[in-house]
Amino acid sequence: MAHNNPWPDEGNTGHIWDEDLRELDNPPPLWWMLSFYAGFIMIIFYSLYYPTIPLTNASGEFTKGMADWTQVNEYQEDFKVLNDWRTAKFADKEEQLAALPVTEILKNEDLKSYAIATSKALFGDYCAACHASGGAGIPGFPVLADDDWLWGGSIAQIEASIANGRIGNMPAKGMMGNLTDQEISDVADYVIALSEGRGDDAAYSAGKAVYSKGMCVACHGPAGTPMAPTGAANLADGIWRFASDRDSVVSVIAHGVNVKKNGVHIEGTRQAVMPSFKERLPNADVNIKRLAVYVHSLGGGQ
Amino acid sequence: MSDKNNHSLHDFGPTGSMLENMDTHNKNLENIGVEILPIHTGGTVHAKRIPGFFRSLKWWLASVWIIFFIGPYLRWNGHQAVLFDLESRQFHIFNVTILPQDIWMLTLVLLFCSMLLAASTTVGGRLWCGYACFQTVWTDVFTWFEEKIEGQPNKRIKLESAPMSWSKFVIKMKKHLVWLLLGFLTGFTFVAYFVDVFDLWKRLFFFEWSLIETGIILALGFATYFFAGILREQTCIGFCPYARIQGAMIDTQTELPTYDVDRGEPRGRLKRLKPGEEAPKLGDCIDCNLCVAVCPTGVDIRYGQQFGCITCGLCIDACDSVMEKIKKPKGLIRYASLSEFAGEKLPVIWKRPRVIVYAGIMFIALGMLIWGLLNMSGIDVKALHERSPLYVQMSDGSVQNKWTVKVVNKGNEPMKAEISATGPSDLRYNVDRVLKIQPGNVGAATLYVQIPKKRLISTSTPIVIKVVDLNNPSVFEEYSSNFIGPKVR
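Which chain is which? The protein sequence lines are A and B, in order.
Under the numbering used here, the first residue of the first sequence carries the number 18, and numbering increases by one thereafter.
Under the numbering used here, the first residue of the second sequence carries the number 385, and numbering increases by one thereafter.
Do not take every clue at face value.
Over the 12 Å line for every Cβ pair with chain A, so calculated as not near, a few chain B residues [claimed, not checked]:
#: 1; residue: A516
#: 2; residue: S723
#: 3; residue: L854
Covered stretches of chain B, going by a simulated chain A footprint (3 or more residues, C-beta under 8 Å) [unchecked claim]:
#: 4; segment: 763–774
#: 5; segment: 777–789
#: 6; segment: 825–835
I should point out that these hints are in silico values taken from the structure, not numbers from a laboratory.
What you are looking at is a predicted structure, and each value in this text was computed from that prediction instead of being measured.
Think of the CB as a built atom: it goes at the ideal place given N, C-alpha and C, for glycine as much as any other residue.
Start from the sequences and build out the full structure, keeping to the hints where you can.
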């Protein structure tokens, strides 16, 4: 900064750099000042009109502006507009969903796409907690994206499962509850071999005998494949309802599924309950159909 | 305009510039080699119109803009020939339909145009500014109307300084109404490229324009009125970034309207010699100032090339007309480069490095554009792999992946899109539907692919998803994706 000022009468502030670069003290343009003052006046009206003053009033509410405007009200009004528009736009689709049986919905491509598109949020809210997003399943809970269905994979059966719920049921230690630890171990080896396609090997003949003696065959079928979808797992395929490791298989055979004593689950038993969604879902008659179509489309619908 | 401005116009020396009377010495700019060239700051520039070669050339080139106004009314196959349909996201240009997926070609068009601007500027100066730019052309047309309504420049200056009266009001009103009408037509025509023009006219008379349409037409209309009528050359001098960029692209080999200093100086008015008086030794410039009077940006070309000059050549017309009258050869102001004045011979155009580079980029852009237009597929496919779950173990020991396949019909006929997948030999797939897609629409189908687990040698197996239009099997697209499986042990 220079110490001498070669331009004393120019009205500069005396701040001079690089010989001649100097700061002047010119007033801002009039239009600029006018907008500046107008801004100030605007603030007064703004703070009267909108909620501005951070105080509570006599009834304990915050100080509202003269307009009575609040952000959440505006959001709700906007959301209502959107929702009304959506309701009106898709009214006929919703009517069709309500009127048609779920098998018909599946045949109608338009309606099917609509049902799937409108199910994602619903599935996330009501189903994904156990079945995970996209039906990927989490340990202990069934995968919905595969083609292994304990209670049937047709659209009607899926609809029934959602509507009424399902309760898994397997007695501990065989149908009679009389299998010894050795027998349990043998039969566990046998069913693991079954899932790998080696069930007829001579090494598993002991387990095969237990399989018949313990009446496993009654539900799981003669070769591990159930005769009808009654909730019994298919033991001949590569998919395990709970877990594929031997300890888990042994534990399930020893403690069963949903085995109760005096109304309380016994220790070690697997709990497998799908609740009924008839009461849980809003607008259940339409939403159950919608979700059934969605689950059917995840990857293994039959 | 006020008296003050008018007054100053006469007080400032021959250029009408404030700088004439300003003491610029203590700015020290000259010491660092900056030469201050005058720009016109003394009120509105009222340029004289003189007929001549460049005047006619300007009209011919300006009339190309008539296409802009006619454009929306052209029809092609029953629809507007050029229609940028934003609502359905389709650009129709005659029989070409461009969907958002092809919009990358726009960048090539822009690249080509910017390189054309650069190449033309390096050869012939600000050709765009002087002859083709809408600011120049619209200002030209606006001032033409001004001259028809208010009269020649001296009359206009007088009218401006006259006190407001009924007759002045009527004349001014006429002018501004014509200007506003031109502005309106400009805004209207612009919007007519985005909606059907006849529909837009019809809805004008029923007051059914949407807020956006009304807003754009009014804003553009008033902008046109303001820029071409009120601001005029100040736009080129004060705001336009291209003016600055183009100034930087000019070099010593660029042909520009230039004043021949050697021939013109020392300038001086022709005088009738008194008997016995010796004729002063003067150059060809008689200092008539006509070149300044005709300049639409109010600069004095005799100072040399300067940033206010849009190289429109009108001063050449003016000077030539004077040279003709005083029986001197034409071309005291002419298109010439600084090298020529320095006595150098210019290399031919295609041997100048800048021309070669610019033209090279132009040809690359043009080539890619042509390639893009020729290969514009009628179909666009995107396959989105399901992420939750990435893969599913199936009961028969295979692994299943799921894709949502989105198919865009970019053609003009309805499409029947069949989806298939190929990969390892025992790959199986099923698709939930054959898509029927209307032109310009998107259809989505779900594709399930199963591969036996023992087949998978890696967590990721490449597969190809193919989409074929059954109505026209020559339209197909293959999409490469990866099949995800469990870790192979």
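Cross-check of the supplied hints:
1. A516: Non-interface label on B:A516 holds, nearest chain A Cβ at 35 Å vs cutoff 12 Å.
2. S723: It holds; B:S723 is separated from chain A by about 36 Å at its closest Cβ, greater than 12 Å.
3. L854: holds (16 Å)
4. 763–774: holds (count 4)
5. 777–789: Our answer is that it holds, as 7 residues pass the Cβ test (under 8 Å) against chain A, meeting three.
6. 825–835: Three-residue rule met by the segment 825–835 of chain B, so holds; n is 3.
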